[in-house]
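With chain L held as given, fit chain F with the ligands onto it using these hints.
Read top to bottom, the protein sequences are chains L and F.
UniProt numbering applies: residue 1 is where the first sequence begins, and numbers increase by one.
UniProt numbering applies: residue 1 is where the second sequence begins, and numbers increase by one.
Hints are computed from structural coordinates only; laboratory data are not their basis.
You may find that some hints are simply not true.
Said to hold, decoys possible - DSBU-like cross-link-like pairs, simulated, lysine-lysine; straight-line CA separation at most 35 Å:
#1 L:Lys82 / F:Lys133
#2 L:Lys22 / F:Lys387
#3 F:Lys387 / L:Lys21
#4 L:Lys21 / F:Lys402
#5 L:Lys82 / F:Lys127
#6 F:Lys529 / F:Lys602
#7 F:Lys279 / F:Lys298
#8 F:Lys133 / F:Lys298
#9 F:Lys217 / F:Lys591
#10 F:Lys395 / L:Lys22
#11 F:Lys391 / L:Lys22
#12 F:Lys438 / F:Lys462
#13 F:Lys602 / L:Lys26
#14 L:Lys26 / F:Lys387
#15 L:Lys26 / F:Lys391
#16 F:Lys395 / L:Lys21
#17 F:Lys438 / F:Lys646
#18 F:Lys127 / L:Lys21
#19 F:Lys204 / L:Lys82
Claimed, not checked - One side of the interface only, derived from the structure: several residues of chain L facing chain F at Cβ under 8 Å:
#20 Ile52
#21 Ala65
#22 Ile67
#23 Arg68
#24 Gln70
#25 Glu71
#26 Thr74
#27 Phe75
#28 Ala183
A virtual CB, placed ideally from N, CA and C, is assigned to each residue, including glycine.
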Amino acid sequence: MSTEQDMTSFAFTAENLEQAKKIIAKYPAGRQQSAVMPLLDLAQRQVGWTGIPVIEYIAEMLEMAPIRVQEVVTFYTMYNQKPVGQFHVQVCTNICCLLRGSDGVGETAREVLGVNWGDTTEDGKFTLVEVECLGACVNAPMMQINDDYYEDLTPESTKAVLEALKRGETPNPGPQGGRQFSAPEGGPTTLGDLTFGSEKA
Amino acid sequence: MPKLTIDGTEIEVEAGVTILQAAETIGIEIPRFCYHERLAVAGNCRMCLVEVEKMPKPVASCAMPVGEGMVVHTNNANVRKARQGVMEFLLINHPLDCPICDQGGECDLQDQAVAYGGDRSRYQEEKRAVEDKSYGPLIQTWMTRCIQCTRCIRFISEIAGTPVLGGLGRSEHLEVGRYVGAAVSSELSGNLIDLCPVGALTNKPASYTYRAWELKKTESVDAMDALGSAIRLDTRGNEVIRILPRVNDDINEEWLSDRSRFACDGLKRQRLDRCYVRKDGTLAATSWSDAFAAITAKVNGLAGSKIAAIAGDQTDVETMQAFKDLLAALGSGNMDCRQDGAKLAAGNRAAYLFNSTIAGIEQADALLIIGSNPRIEAPVLNARIRKRWLKGGFKAAIIGPKTDLTFQHDWLGDSAQVLAAIAAGNHPFADVLKNAAKPAIIIGQGALTGEDGAAILALAAKLAQDTGVIADGWNGFNVLHTAAARVGGLDVGFVPQAGGKDTAGIIAGAQSGEISVVFLAGADEIDMKSLGNAFVVYLGSHGDAGAHRADVVLPTAAYTEKSATFVNTEGRVQRTRLAIFPPGEAKEDWKVVRALSDALGKPLAFDTVKQLRQRMVASNAVFATEGVVAAATWAGAGAEGALSDKPLASAIDNFYMVDPISRASKTMAECTAEFGGGCGCNSKKKTGTHG
Ligand code: SF4
Ligand code: FES
Ligand code: FES
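Excised from the complex, chain L in its bound form (with noise of 0.2 Å):
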């Protein structure tokens, strides 16, 4: 993991540079801006986080002022600002969420993991942070870690997930109360009956 003093500079790996340059190419000539967002993203995958050193390496590499990149950054929340664990938690306390418990997923998480919002554990392994909706309302509560989304949780599943995690093993996402995807629970509610209108008894 990084932290803020140890990014001094950045380049893209050969492999990453091979990616972005793709990406460019998926914009016409001279509208190469356009690919700020998925290089940043690049460079998030490749270090964790996106300092200063990434925003100068890809504004030169768009040839634009390091400025718009920085308000880029700036504006959306899923570019880390600062470094992050190896898992960055982020448990969504929007209304749906809220509304189905997750004060409750957040408590656990804290405890679980020792540390208080914004913070990051003393290995290095976690940060917790809490955001607003993720767009899995359907699945409330949930919480993202890294790539995936852990949906339907309670304070008991929540401390499972984590602790799989802590033990290095790598829980299953998706809902966790046994549900398939935003299947309606204890299966479906419609369709139950195929016979059609007139077939009907």
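Coordinates of chain F with the ligands only, in the frame set by chain L:
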């Protein structure tokens, strides 16, 4: 051309015009914060809402193009209610600290709150506060007052071309600030203060020293560079508090360079406010009559050839005319207004003017800059060139300093040989000029002051003739001056008369003893040590190099303290106006010369400024008309000769300090310490000196 109805009046306007602009053509002013006619449309403040029939919601008139048959209401109950809502939101987080705000009395937010604000707040919650940013010695920030109109961001990116400001964060956390490590040191940064519609960006040197309504406003003309920008001098008592630009689309649009704006504290420092005569090696204060007596004692009976005069960079035409006449009366032809030794000949006007005119540069489609850095020599002109470049279809190149000019250009090297190659057609840029419809050349003083100045000028002239820079109805041959006085001096013919010596000759003569009396009319930029044992009489406003060398010092007025004629680099005759009186015993320069002529027993033939100006018109008819540029007839320029291998550089090395006024200014000293000599703010790398 679409027809539409605005507040019951039917008008026809060009397609693509916005509702706000259309309304303006019939005198309806729509309130706005973010819209500015010289900046890109942002449409983010929503103060300009109007109602358009058949549209479901009020629309932002600054961003909405007119449509055929639109029926617009700019001031009905709905519109007023919408604007009141916008205003209420704007004021939620505004500190409402008008009583202690320097913008108070000239604040758009304050004015419009009178029209659309409530008489009390419904907002009970906590207000947001924003940390102030550090923008350097010129701009004071009060970021809590910022209404996020983004005018400052757009100006610094679009007009100044040094994109260091941006909106960081989002929604409630949005703050306007600068990029980490970048300095807000554009040579045009003072304009941010004018553009900011609220008191978020204010004049730092003048902080807390004035209230807008107690200042006396005098419209005048700038003399800090050779553009002659239109300015307004805001004074209180006998003090210039601040200098603002006025609109003059021919020259400065509505911008002003930082030196022209902020060097005004130099008008109060280092001033000569009485006469001095050197006694036993030190200058001792004395009276006008004693000072004149000291001069008379030296000059009377002296052969004319032993007397000489050099005029400085801010000397007005009246003074030079008077001096010229006085020297003629004394039988001397030794005089020069080109203290830098520029190889420009008086009389051949087209060879020393900015012929395309400043506004005309917007028509050029190819540009070659020779020995000049317009960004620090004339920042406002540089912004014009950038504006031209932004429109596209414009190719520029420079032979001279390698620097960031804020517009794309090729650096062709800094040797005069490159110019020779282009002129000979052996360089690809020759074709660029040839193929352009309206090619232009800008030649700076840096190229003209060397030994080979005349040769470079001749090469440039040849190139101009060969490539269509000079054609029917177009003259793109442009000499860019750095001194406000220079064109006026050449126009009035303040150059060696028959048998007389030029600056270099005068200096050599002073050293050898051939010349024993030298008058310096505000000339501070020559090497004073090389004046030998000559008796030096200095006329000027500031205790700068000239006064220190002088044997007699005669205090005169600065450009803010007199009505004086200057001719800008285009050849535009303009007059400054008296805003304050000269300090102490200082007098207007020409009056000093007139009085001196009496003392010397050679009274000049004019007693009033009117007569003097008639005398100027008699010596050159251009002085008859103010404010316009008369096209000068092309008659070649320069003289062929050998080129030296000295690299071509700008005539100015520190933008912030070029004349006695700016050298006396504390603000300019702070800028030099913080920003260096200018041109440095676009560095993408952290410099380590700025946090
Ligand atoms: S500082 Fe002034 S000009 Fe800049 S965004 Fe804020 S209100 Fe607008
Ligand atoms: S409210 Fe939590 S995902 Fe939408
Ligand atoms: S002036 Fe139209 S939105 Fe600001």
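Outcome of the hint check:
A distance of roughly 21 Å separates the Cα atoms of L:Lys82 and F:Lys133; the hinted pair therefore holds under the 35 Å criterion. A distance of roughly 34 Å separates the Cα atoms of L:Lys22 and F:Lys387; the hinted pair therefore holds under the 35 Å criterion. For the suggested pair F:Lys387 and L:Lys21, the alpha carbons sit about 32 Å apart, so the restraint of at most 35 Å is met. Proposed proximity of L:Lys21 and F:Lys402 is supported: the alpha carbons are some 31 Å apart, at most 35 Å.
For the hint pairing L:Lys82 with F:Lys127, the CA-to-CA distance comes to about 27 Å; that is within 35 Å, so the pair holds. Straight-line distance between C-alpha atoms of F:Lys529 and F:Lys602 comes to about 31 Å, which keeps the hinted pair within the 35 Å bound. Taking the CA atoms of F:Lys279 and F:Lys298, the gap is near 14 Å; set against the 35 Å cutoff, the hint holds. The suggested pairing of F:Lys133 with F:Lys298 is violated, with an alpha-carbon distance near 59 Å, which exceeds 35 Å.
The hinted pair formed by F:Lys217 and F:Lys591 meets the criterion: a straight-line CA distance of about 25 Å does not exceed 35 Å. A distance of roughly 31 Å separates the Cα atoms of F:Lys395 and L:Lys22; the hinted pair therefore holds under the 35 Å criterion. Restraint check for F:Lys391 and L:Lys22: the C-alpha separation of about 30 Å stays at or below 35 Å, so the hint holds. With a CA separation close to 16 Å, the supplied pair F:Lys438 and F:Lys462 stays within the 35 Å bound.
Under the criterion of a C-alpha separation no larger than 35 Å, the hint pairing F:Lys602 with L:Lys26 is inconsistent with the structure, at around 82 Å. Between L:Lys26 and F:Lys387 the CA atoms are separated by roughly 30 Å; this keeps the pair inside 35 Å, and the hint holds. For the given pair, L:Lys26 sits about 26 Å from F:Lys391 by alpha-carbon distance, which is consistent with the 35 Å threshold. For the hint linking F:Lys395 to L:Lys21, the alpha-carbon distance of about 29 Å falls within 35 Å, and the restraint holds.
In summary, the hint linking F:Lys438 to F:Lys646 is supported, as the alpha carbons are separated by about 30 Å, within the 35 Å threshold. Restraint check for F:Lys127 and L:Lys21: the C-alpha separation of about 45 Å exceeds 35 Å, so the hint is violated. In summary, the hint linking F:Lys204 to L:Lys82 is supported, as the alpha carbons are separated by about 34 Å, within the 35 Å threshold. Because the smallest distance between the Cβ of L:Ile52 and any Cβ of chain F comes to about 6 Å, under 8 Å, the interface hint for this residue holds.
The interface hint given for L:Ala65 is met, as the beta carbon of that residue sits about 4 Å from the closest beta carbon of chain F, less than 8 Å. A distance limit of 8 Å between C-beta atoms decides the matter here; for L:Ile67 the minimum to chain F is near 4 Å, and the interface restraint holds. With 8 Å as the threshold, the beta carbon of L:Arg68 comes within range of chain F, its nearest partner Cβ sitting at about 7 Å, so the hint holds. With a least beta-carbon distance of about 6 Å to chain F, the hint placing L:Gln70 at the interface is held under the 8 Å criterion.
At its closest, the beta carbon of L:Glu71 sits 5 Å from a beta carbon of chain F; the interface hint therefore holds under the 8 Å criterion. The criterion of a C-beta within 8 Å of any C-beta in chain F is met by L:Thr74, whose closest approach is roughly 4 Å, and the hint holds. Hint status for L:Phe75 relative to chain F: holds, with the closest Cβ pair at about 5 Å, below 8 Å. The criterion of a C-beta within 8 Å of any C-beta in chain F is not met by L:Ala183, whose closest approach is roughly 35 Å, and the hint is violated.
When the structure is compared with the earlier hints, violations turn up for hints 8, 13, 18, 28 and for no others.
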